[in-house]
Amino acid sequence: GAVVSQHPSRVICKSGTSVKIECRSLDFQATTMFWYRQFPKQSLMLMATSNEGSKATYEQGVEKDKFLINHASLTLSTLTVTSAHPEDSSFYICSARKGGGNQPQHFGDGTRLSIL
Amino acid sequence: DAKTTQPNSMESNEEEPVHLPCNHSTISGTDYIHWYRQLPSQGPEYVIHGLTSNVNNRMASLAIAEDRKSSTLILHRATLRDAAVYYCITNAGKSTFGDGTTLTVKP
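If you're matching them up, the sequences are chains A and B in order.
Using the numbering used here, the first residue of the first sequence is number 1, and each one after it goes up by one.
Using the numbering used here, the first residue of the second sequence is number 1, and each one after it goes up by one.
Watch out, some of these pointers could steer you wrong.
[Claimed, not checked] Each computed DMTMM-like pair below joins lysine to aspartate or glutamate, with the alpha-carbon atoms no more than 20 angstroms apart:
{"hint": "1", "chain 1": "A", "residue 1": "K41", "chain 2": "B", "residue 2": "E11"}
{"hint": "2", "chain 1": "B", "residue 1": "K106", "chain 2": "B", "residue 2": "E14"}
{"hint": "3", "chain 1": "A", "residue 1": "K41", "chain 2": "B", "residue 2": "E14"}
Don't read these hints as lab results, they were simulated from the structure.
With the sequences and hints as input, model every part of the structure.
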């Protein structure tokens with residue numbers, strides 16, 4: 001159980017394009033979802049935390065107008081990278097959790113975003 | 001969130017036990033200790049979590065110090081598939097990942 005599906009797994013697009021990444025919890029209701037980005041040979045960097053039905057909480061230094069997060073239901077959150085540029089190329093990973101901090105996170109398989 | 005400290009890397013021989021340490025000296029009383037592992041180009045995988053008591057599941061065991069300032073993830077018999085980056089985090093709301101420990105398993 002506790003499966004999280006992230007789609008697409010890989011995106012290659014031109015500079016200036018907006019890209020949407022979906023994160024779905026398939027067999028549980030996720031009250032909280034997290035979005036991370038990870039550069040090669042580095043750890044996961046938390047971008048934002050979103051709770052169903054409310055605005056996402058962004059980490060310091062993450063532009064909310066650049067990385068739009070929508071958590072419209074208990075099973076779906078989306079991250080839209082608006083007007084993407086080569087420096088936005090990275091590995092984006094979502095996770096979902098039911099309940100509070102005593103519950104584990106379950107991660108998607110990540111999205112490799114490459115902006116040309 | 002409490003900051004965690006882990007060794008950068010560890011090595012193990014296949015089929016031998018592995019003890020992966022984590023220090024979290026500033027952990028608060030309500031923070032759980034979570035362990036995840038990540039293979040290259042994949043999202044992290046949940047391994048185990050606990051609060052105070054030692055925990056066992058099919059993947060590993062978690063030994064938590066009495067003062068909760070440190071914990072140890074125990075893989076009882078390492079296999080080649082256990083080679084990964086192991087992350088220890090504590091959270092009472094959000095999750096911040098440190099650099100983790102890269103485990104190499106030698107055949």
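inquiry  = For each hint given before, does the structure comply? Return the numbers of the non-compliant ones in rising order.
reply    = 3
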